Each structure stands twice: as structure tokens, then as C-alpha cells.
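Q: What follows is the residue order along each chain.
There are 2 protein chains.
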Amino acid sequence: MTKMQDDRKIVRVDLDTRSYDILIGNDLLGHAGGEILARLNCKKVAIVTDRNVGALYLDALVESLQTDGIETYTITLDPGEKTKSFDNLIAVVDGVLEARVERSDAVIALGGGVIGDLAGFAAGIVRRGVHFIQIPTSLLAQVDSSVGGKTGINAPHGKNLVGVFHQPDLVLADTSVLDTLSDREFAAGYAEVVKYGLIDQPDFFHWLEKNRTEIFSGRTARAEAIAKSCEAKAAVVAADERETGRRALLNLGHTFGHALEKATEYDSARLVHGEGVAIGMVLAHEFSARMNLASPDDAKRVAHHLKEAGLPTTMGDIDGTLPPPNILMDAIGQDKKVKGGKLTFILTRGIGEAFIADDVPPSEVLAFLTEKHPQ
Amino acid sequence: MTKMQDDRKIVRVDLDTRSYDILIGNDLLGHAGGEILARLNCKKVAIVTDRNVGALYLDALVESLQTDGIETYTITLDPGEKTKSFDNLIAVVDGVLEARVERSDAVIALGGGVIGDLAGFAAGIVRRGVHFIQIPTSLLAQVDSSVGGKTGINAPHGKNLVGVFHQPDLVLADTSVLDTLSDREFAAGYAEVVKYGLIDQPDFFHWLEKNRTEIFSGRTARAEAIAKSCEAKAAVVAADERETGRRALLNLGHTFGHALEKATEYDSARLVHGEGVAIGMVLAHEFSARMNLASPDDAKRVAHHLKEAGLPTTMGDIDGTLPPPNILMDAIGQDKKVKGGKLTFILTRGIGEAFIADDVPPSEVLAFLTEKHPQ
Ligand SMILES: NC(=O)c1ccc[n+]([C@@H]2O[C@H](COP(=O)([O-])OP(=O)(O)OC[C@H]3O[C@@H](n4cnc5c(N)ncnc54)[C@H](O)[C@@H]3O)[C@@H](O)[C@H]2O)c1
Ligand SMILES: NC(=O)c1ccc[n+]([C@@H]2O[C@H](COP(=O)([O-])OP(=O)(O)OC[C@H]3O[C@@H](n4cnc5c(N)ncnc54)[C@H](O)[C@@H]3O)[C@@H](O)[C@H]2O)c1
Ligand SMILES: [Zn+2]
Ligand SMILES: [Zn+2]
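Protein chains in written order, with this note's numbering: chain A, 1460 to 1834; chain B, 1460 to 1834.
Worth double-checking, as some hints may not be accurate.
[As the list claims (entries may be wrong)] Facing chain A, from chain B, some residues (calculated, C-beta under 7 angstroms): (1) F1545; (2) V1552; (3) H1616; (4) L1620; (5) G1622; (6) V1623; (7) F1645; (8) L1752; (9) R1760.
[Unchecked claim] With a cut-off of at most 30 angstroms between alpha-carbon atoms, the simulated DSS-like pairs for lysine-lysine come out as follows: (10) B/K1801 - A/K1503; (11) A/K1669 - A/K1759; (12) B/K1801 - A/K1502; (13) B/K1503 - A/K1801; (14) A/K1541 - B/K1541; (15) A/K1801 - B/K1502.
Bear in mind the hints are in silico, worked out from the structure with no lab data behind them.
All of these numbers come straight from a predicted model, not from anything done at the bench.
In this text, a Cβ means the ideal position worked out from N, Cα and C, and glycines have one as well.
Put together the whole structure using the sequences plus the hints.
A: Okay, here's the thing in C-alpha cells:
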């Protein structure tokens, strides 16, 4: 599925009439205009970004687009998970309408997963859908959130509870922009890379164990890890676009992770998404061991690898006090993966052997959380 | 496509895996629980309604659902077009989440097109889509808005500019509830019935000319007109679900109509949607005549029929002052049907011969509006 073109990799997401390319390379920002016009007949774009990313890369993007004759309009938001709110959705929708972006035009997300999820949701609802282009700038966004068409915002009841499926028309993953990403955010994105290995690719997990330092420092192994992750995600999405089945595997670590994000009030000083996922994946492996589904050694091996990558792996690693287990349980109940009272969890039989369990008794989860709770 | 079952008519909307039934009959409210359970395995519903409709029909619906073991949760909103706002969308989304409606459960719209559009939008975005059932209670909603999956709210920039396509799983059009509808709202709905004749069914228009009084007073002709309208809409929707082509014909009269609704600030004391459509359809026929596409006699005949039905047919029929032609033009430019500067309008070659014109010069429209403007 991966093709090389000069120094670029191309991963195709096969979704019938909504198929699209993910380009991975190190000077895509400078070629954005041409790549867009090769695919869309669009005259105008509304670029959504956050202050951090905007300060670094907005000018280069705008220049590339304007050189190719595309009119631009920019909407800059605060960075951080709290930006994924109804208030900001309204602001973006308003900006896109104000720019008179038509159905043949596009919204561009320039930023991490927060900007991608929010801008994609806006693109999906303005005029009941305008074109959408992802220019992911965080590792997490390049390997995960920019691919697959899930968009959304958070609600007081939980993460990502409101949104639509709206596939992008193009994803431009410029690997050179990752150089300005903080170590902490890089590690957080790496958690999602590890996830693909843990779901169903034990060999990839082994390769990551061997190449971790190279991925964190150098570009070749890094680009390879990104392409491999995009391929893994693209395959799952192509098989199950709307998450009626297999796609739920991508939620490995996320039910626990989302509960922890909620428990820390989406305060990125305490926990960012990828960190929640890292802890969540360890918990999912430990819970699977507790249910006699997997060996406790696998949970230890996963925790070891994530820890070496600089990620938190236990609830105790989170700064400050966590709410009691029953409140965490409540957040889990409000998470999306609920089916008639019983909980749906992604559990595992070992590394690379995740599966969907839709009959997990809440009482077992509560007992487990109580045991693991640090306070 | 219409089948009779006892005293009921069934119109099927063919949309592959998203196909659904429209039931038309006179005691559907009392059988809602059974009809829903025959199609969905849902344990809980969130009912969205407005105060007018809620006072009349909510108890009967809740009773029918609870008798069949479905848990209910109700969200009651103010009546009127202004209810289609982001604020109310947030309130409904919040209520649906509060009720812990899961992906296998449903949102029910009990009301006119306002409630249907708003509740459908909420159902489309909560958890990226939960089931949705339309129980349309106005004539307009029964013949038009409840069928086809277009949902949405208004923006400061114009009508229905924000929304999603989210098909219902079932439409229950209980004709007996129309007895409490005001004459004015009945007439407004009738405008959309006439629209189907004007688009491509001259025979249906002739039948309406003959049966108008019967449709307004009695039940048999009325149910027939409703079923015929649903069939017409279902056929267009099945051919072009996402309005990339033919479906745009359903916008006959709507570009002018929406501009007038905006010009009267969605104040239903001055103008309701169907009235805007009535004036808009006359304007579309007159503009077509002005462009030498159709005979001016057709425009007169359309105006005559709508007027007899109690509908406004000219801008002068609207109470109060209208903004000047250039402001109306601006609203037309912000309407959805714009393509690279030129305007897309539904024009006609005569009664039952509407077509999509995507090259209408804005200058011609402005000149026409200036001529027709009452002030
Ligand atoms: N839609 C999906 O399928 C999906 C999948 C996974 C995660 N997500 C969502 O993604 C979000 C997390 O994404 P994220 O980790 O990218 O968070 P983010 O968007 O908040 O980015 C993290 C931080 O890095 C900064 N940043 C981004 N790129 C940078 C760069 N190149 N240089 C310097 N700073 C940069 C941002 O300003 C921000 O402060 C969560 O909201 C999560 O729910 C969505
Ligand atoms: N989604 C679509 O495809 C589509 C198509 C056409 C129109 N629409 C939308 O539909 C809306 C107009 O719908 P509407 O005309 O039904 O307006 P509405 O929902 O405001 O209803 C009109 C009035 O009638 C009252 N009412 C409804 N049913 C009643 C009953 N049985 N007895 C007594 N009172 C009753 C309501 O409370 C309201 O005051 C507009 O917002 C328009 O944009 C949508
Ligand atoms: Zn994630
Ligand atoms: Zn209408």
C-alpha cells in the first residue's frame, strides 16, 4: 500500500468514492497548493490552526497556497484539549461562513489532533459538508487522528461524544514539522504508534522495541514508523469506516484513557491524550491478565517499553489527586462503547492479539480500578 | 411505491442499507411503540418536541412507548423558526447525553419541520450518530422535511447553513394530528405539496387545482396528497441522496424564499417557511418568464392557485418593510446554491418543467428584484 515517490511515501485510504491519499514527506508544507489543486478544484480555503502551530508554520502554508492562486482565510485558536468545545465549533463555523467557503472549497486543519478533530467537524457540518484537508503537525495527528474521518468535540459528559464521520480529501504529513514538537508531545504520539503493534502486529511491536531511540532521534526510522502506522489505520478504516465492528480495536487503551482525561479535566499540564492512552493500554493488558485472558508478563513488557519512551504507565504517574474509582467508573459508563448495560472493552490475549469484548461486567472493572487506584 | 395496509399507506424510501418506511395513517401516534420495536432494538428514546405540539400529543406518545417497554426522556423547546439555533442544538445534545441514549437507542422528533431539523441534527452528531425517528405533526413536515435526511439549523449568515445528512429509521405521519394545525400553517405546508407538481408532475398540479378544497377540509384527498408528495420526495432522494444533482430541484422557490425569511428575521408573525416558498415559487416562474424561458401565463396560474389556498404570492403581501433589493441579493449569495460566483437557481420552462440553471447572472436577479420590490 505504501508507495515511494522521490523521497515521499504515499498511503492510500480505500473508501470507494471517498478514497484519499496520505502523503508523508519532509517538504509538503511548501507544496500544499499544488497537491491540493491536483485533487480539488477549489478557489478558497479556510485554514484552522492553533497559536503554537500558527506562529511556526502558517506563513509558509499561506504562501504556498497563494502562490498557486488559492485564496486563504485564517482562524487561529488557543492550543489545548479544551479547544474541542461547542464554543470553538461555533467560532469556526462562523469563520468558514464568513469567508464564504462554498461546497467546492475546503477547510484545512493545520495542527495536532485537537485542531484536526474540531476543523473536521466544522467542515462536516457547514453547508452539510465542504471539502476537508488535514495537515497534521503532531506525531499523534500524523499517525492517528488525521486518518479515518472521525471528527468531534468533547461534551461535559465525556470525550468526543459529539461529532460526525467526515473523511478528508487529502492528508499531508510533513515530517519536518515534528522537529519543533516537544519531547512530551512526541512521546504522547508514540503511544498511538505502539498501539498498532499491540492490536494485531506483534512484529511491528518488536521492531519498535529495537528502533525506539532511532525513531525519537532520526528521520528515516521515524518516517517508516509513521507510514507503517498510517497503513495500519487505513486498513482498519477501509474495512469498517463507521466503527460497527473491527474499527473499535483502535480504541485499545482508550476507555480507561478517556476516563483519566476526564478525571484530570482535560488539563494538559496533568495529562495529554497520548499519555492517557499509554496508561490505558497498560491497564487494558493488566485487566486482561486479571481476567485470565493474557499473561501478566505481556502487561509488564508493554509498560516497560512505554516507560522507556518517557510515557506514564500507571495512574500514580499522574500529578495531583484523582477522583475515586466510582467516579472513574461513571466516566467509563458515559464513554461511547456501551451496549445495553454491559461494557464494551478492547481486551487482549497477548501482544498483538487484541479483541473486542462486549460483555465486560462493570463490577469487575470497578474492583480492578479500586485495586490500581493510587490514593 | 405506495402500499395500502388496512387504512394506512406505506411509502418506502430506497437508500440501500439506510432504506426506511414512511407510514401515513390516522392513529399512528397510538402505535408508535410497536412500529419502532418492529424496526429497532431500542430500549430508550429521547423525545424532542415544542410546547405547542407537546401540550397536545406528548402524553399519548409517551404512553404508547412506555406500554411497549421503551424508556422515555423528553426535551421541550419553544416553538418557531428561531429554535433552529446552535443554543438549542447544544441543549438537545446535552439532554440526549444526559438521558444516556446509546448508539442503539433513538431520538424522536415530535413536531413540525423546526423540531425535525433540529432533533435530526442532534441525532446525527451525538456519538457520531444515533437512531432517529420522525413523527411529523405539521403538513409541511409530513410532506417534506421529515423525508430525506436533511437536518440542520440556521446561522446568522442564512437558513440551514449548518447541518448533516442523517436519514431517519422510520417516519410516522399521523394525519389526524393535522386537525389541530392552524389554517395558516396548513396552507404553508400546502405550498410544498404544490411544489412537487410544479417540479415535474403537471398532472398532479392539475389534480391539486381540482381538489384543493377537499384537501383542506377532508381526510381522504388529504391523505392522498400527502402520500403522493412523500412518493415524489422519496423518488428524488433515492436518486440523489446528497444533492449532487437532481435533488436540487426540490429547492424550487427556496432561494428567493430563504432570502425573504432572512429579510423578515425568521419572524413567523411576518412569514413562515412555506409562505416564503409560495412567494419564491411565483418569483421563480416570473423570473423564468422574464428570461424568456417560460410563458408569463404559467406564473399567473401558479400565483392564482396559491392565492386561492390562502398563501401570499408577492413580496408586497409581507407585513412591514423589506430590506432593499441589494440586501436581498446578498442573502441570495450566501444561500447554499452558489457555484463559483454564478448563481444556481431552479428555473422552469413551464408548469411541471423545472430545471437546474447554474449560470444565472446576479445582475439579472438584482434587476428583477428591484422591479418586484414593493417599497
Ligand atoms: N479523530 C481521531 O480519529 C482521533 C484519534 C486520536 C486522537 N484524537 C484526538 O486528538 C487529540 C490529541 O491530538 P494531539 O496530541 O495532536 O494534541 P494537540 O492538537 O493539542 O497538539 C499537542 C500540542 O502540540 C502543539 N503542536 C502541534 N504540532 C506542533 C509542532 N509541529 N510544533 C510545535 N508544537 C506543535 C499544539 O499546539 C499542542 O499544544 C485529542 O483531542 C484526541 O481525542 C482523534
Ligand atoms: N429538512 C428538510 O428537508 C426541510 C424541508 C422543508 C422545510 N424544512 C424546514 O422546516 C421548517 C418549517 O417546518 P414547519 O412549517 O413544520 O414549522 P414548525 O415546526 O415551526 O411548525 C409550525 C407551527 O405549527 C405548530 N404545530 C406543528 N404541528 C402542530 C399540530 N399538529 N397541531 C398544532 N400545532 C402544530 C408548531 O408548534 C409551530 O408553531 C423550516 O425550518 C424549514 O427550513 C426542512
Ligand atoms: Zn487516541
Ligand atoms: Zn421547503
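Q: Tell me the numbers of any earlier hints that the structure contravenes, in ascending order.
A: Hints 7, 8, 9 contradicted; others consistent.
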